[in-house]
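**Student:** Next come the chains, spelled out residue by residue.
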Amino acid sequence: MNRSRSLWITLLLVWSLLPMIWQLITSFTSSDALVSTGIPFEHRWTLAHYRDLLSGDPPFWRYLLNSTVVGGLTTVLTLLLAVPAAYGLARMSPTRRSTIRITVGAAALFPYVLLFLALLELAREFQLGNSLLAIALPYAGLALPLALLLLISAFEGLPNDLDDAARLEGLGLLDRLRLVLMPLITPAIASTGILIFLFAWNEYPIALTWLSRDDLLTLPVAMARIAGSSIYAVPYGAYAAATVLGSLPLLALVLLCQRQIVAGLTNGAVKG
Amino acid sequence: MNWLLALPALLLIALVFGWPMLRYGWLSLHASSVLTGLEPVPNQGANWARLLEDPRFWQDALQTLRFGVVSVGLEMVLAFAIALLLDQRWRGRGVVRALTLLPWALPTTMMALGWRWIFNTPYGPLEQLAQAAGLSPLNLLSNPDWTWFAAVMADVWKTTPFVTLLLLAGLQTIPDDLYSAFRLEGGKTRQAITAITLPLLTPYILISLLFRTAQAAGVFDLIQVLTGGGPAGSTESIAQYAYLNAMRFLDFGYSSTVMLAGFLLLSLVIATAALLLQMSRLLRPLKS
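Protein chains in written order, with my numbering: chain B, 1 to 272; chain Z, 1001 to 1288.
None of these hints come from the bench; they were simulated from the model. This structure is a prediction, so every number in the text was calculated from the model and none was measured. Note that beta-carbon positions come from the ideal geometry of N, C-alpha and C, so glycine has one too. A few of these clues could be false.
Reference listing, derived: stretches of chain Z covered by chain B, where coverage requires no fewer than 3 residues with Cβ under 8 Å from a Cβ of chain B [stated by the list, open to error]:
#, region
1, 1064–1076
2, 1082–1088
Just a few of them, taken from the derived set where beta-carbon distance is under 7 Å, the chain Z residues facing chain B [unchecked claim]:
#, residue
3, 1169
4, 1218
5, 1220
6, 1263
In isolation and in its complexed conformation, chain Z is listed as follows (with noise of 0.2 Å):
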């Protein structure tokens, strides 16, 4: 009976997120492009061989991987230290956490036109800032060394929100008694930060890292509408090339491979954080 009342759900899960994974397999073992008539013809892992010395492949994982690495690691900081701004007790902090948790609510291609407006040289308010103060002209967006920064920049800015929110759950689970003690016991306020605070919110850490690493490397929305990948490739994700092979190169086969590749690469990634922090946790009794 309980089974039963959970099939419709679990089948329509299986069916979307399930059937894609089995699909890509069996295509990443064909040729299924413009050049086969769209109709998958085995070709023996050639996909994956191709795969292997793809350059832009791998050049669209290290950029990926540089993406999320900078953006999760300034967002972590940053909600840190907004949701320690957001536990005190001060007037007006309910509106306040409602209006900061705008940026995250919007659509994400909305404001990716929007941050483009900003980033716009020579008419945006950023390039007009810096001719003001005389300096020579940014190029936020057709500087190939700085581009991926401002998409780091505009997800920061729209992905920060929902990190604060699990860190401030968190820090709202810690009794102030622990503080008063630790007071009372002569420690200061910053060794509190270091001694209490960062210890108890540790799970909450890890499991905001998880979320933020896993929508990262999926990155798609705000680069295709930001930048398009460009300029000449240096913002182009992982999720974008698969795309472009299947939308725009029509090749199926190859398109699904690089799907399952940054699918396996993700959960390498993970796994090798969750053994990690294993070790370190076996390690610590040693230590101590």
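If we strip away everything but chain B, and leave its shape as in the complex, we get (with noise of 0.2 Å):
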């Protein structure tokens, strides 16, 4: 019993992560011997990719930073807007709330990509094109309904009995908010704000429509571009440095917020 867990718990850590690992291997391997099996071990390895990406123009830390700053934003606009909101939502009466709910669930499966268009128009419209600035405001329209799913039911966890005496001893709405409600609510907040921030970071038909200048391009986009720039001979060795370089922001978020997001995700689908 136990033995065949360790089997079934090894073949699980392989199919996850052994495409990762491939890449990986590819970053470090040397752009000859990517396509020649010829070469003796010890000269298949090099760093050159790695120089190559950070010596790149713009350098490949540029795109890194561009995503933080959009994730950073979204993240920000969202729960400023989401939390209030939820607030108000969470105290409505019931069947109101229900409404609200499946309005607002229909919006969270809603296959986002088919709003580009029109998110694109308003983009030109309102020259909103090539502003990591900007570009928060469709994400943080398009993250609010599960943030909204996430933190009306965290108010909904907490009495009224608590509203209504901060209220009785004479504490205005804001600050029943801020120094009562929120508090208590801190570890649905956290777990909202990094789905938002992986939503943000991870976004790409808005940013491919939105972004177009090389040293304003998000991750996701710089990748696709490095896709797209030649179909025959992608640099894969470059490419594997990139896609290495680019997942150790998330692998420290994922294993430092793992619980966060694993209560994220399971509340956003299943109370919402």
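With the hints as a guide, dock the two chains, each given alone in a separate frame, to form the complex.
**Tutor:** Rendered as structure tokens:
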């Protein structure tokens, strides 16, 4: 029993990690060795892919920075909108709440790639293209449904008496939210924030259509551009190095915030 | 007051989700392309007539359906098995769960190109293995009969962790007592899965099906980077066709029509599934 379990665990890890480990190996393999098996083992390795990547124009860390800026901005903006909204919605009558929940749930399910054309028109109309600041707007809009679902159920978990007591103490609405209620739902806010950040960091179709300047690309678009640059000869070594560097921040995030991510995903889908 | 707090968020949602649908509805009734100087001109439903007779749209719809059904199906089975494994108590379970979550957390476009390298002919590892085993070349990305399955594989790799987490959350709501009682009654472990686990897991299975079906219907990033819709259009999805119409053919009227039609088809699939489910629930008391 125990031995077969170890076997399954090993298989699971191999399946999950091998494609990434292959990228790691590829990133250290010289371009010649990638297309030839004749090169002896000790001459196959190189750091050239990383060197090229970091000295490119723009250097690779620029995309990481852009993605981080967009992810951070989107997270802050979405939470600023979603926390008060969820508080307001959570205090409505049960029938209204369930209507809202169904509407917001439908939006959370919506395959948002279909929205890109109309959003691109808006970007052109209001000159929001090629701005890392402006792209946080559609991102916040796209992330809001899930954020609302998560935060509404967090606020619903708090007893109403608490809010009433704070009101009797003479605390205004903002103080009640900030000083009394928000500290109690910090875990939900944290896991919502991480999911929003991941969404913005990974988003592709909107970034593809809103951003075109080389130095403003986010990571997913920069990656896809390498793929599209030449259909017949993708520079796989350089690309693998990019995958490795691009994965490191996420690896850290997932390992550190595993619990919040799991809680957010399951609560969002199940309770919403 | 409560509404006021929610207003900014609800307005932004309405703008980002609601406005595009209205706009597409309007655009789909207009010709708006290079031929009209990119100005919308009413065209009496010509876009919709064209859609009904556009073999490429219907082929893409079928391909999206094939991709969705097979990958969501595989994901459900795999995720159920993995969730069962992760639901047991063993040392290092937390770390393993975090590591298996990684594929889900990475940007789709990033690992799509990673998979392109793995599927590469003749230098990718799969092709090398096939060669070493004396097989003929697999041509996973250039054989129209098989490339869609390569896309399914990459998608299953990426999204199974999401389904696993949902099912795991469901498994953790089932009290252990139920299983011990079942065993005391003389039930076998294997029977417990159909007698206890699956019935109690049903809501979680349904919700993951719903999420994954909707996501698969809009598949774009993965296919765009992995195959670009090829070979011979055999992996093109509805979202990609809409994207091509807008960004390459600059035909915004028809692109809007394709997107609306894609959305309507997805709604139809979900509504039918919901209806069937409702019917099977109504019929169940009759059977017993």
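**Student:** All the hints need checking, so say for each whether the structure fits it.
**Tutor:** Evaluated hints:
1. 1064–1076: violated (count 0)
2. 1082–1088: This one holds; 3 residues, not fewer than the three required, reach chain B with a Cβ under 8 Å.
3. 1169: 4 Å, holds
4. 1218: 2 Å, holds
5. 1220: Holds, because the Cβ-Cβ distance from residue 1220 of chain Z to chain B comes to roughly 4 Å (cut-off 7 Å).
6. 1263: 6 Å, holds
Hint 1 from the earlier list is the only one contradicted by this structure; the remaining hints agree with it.
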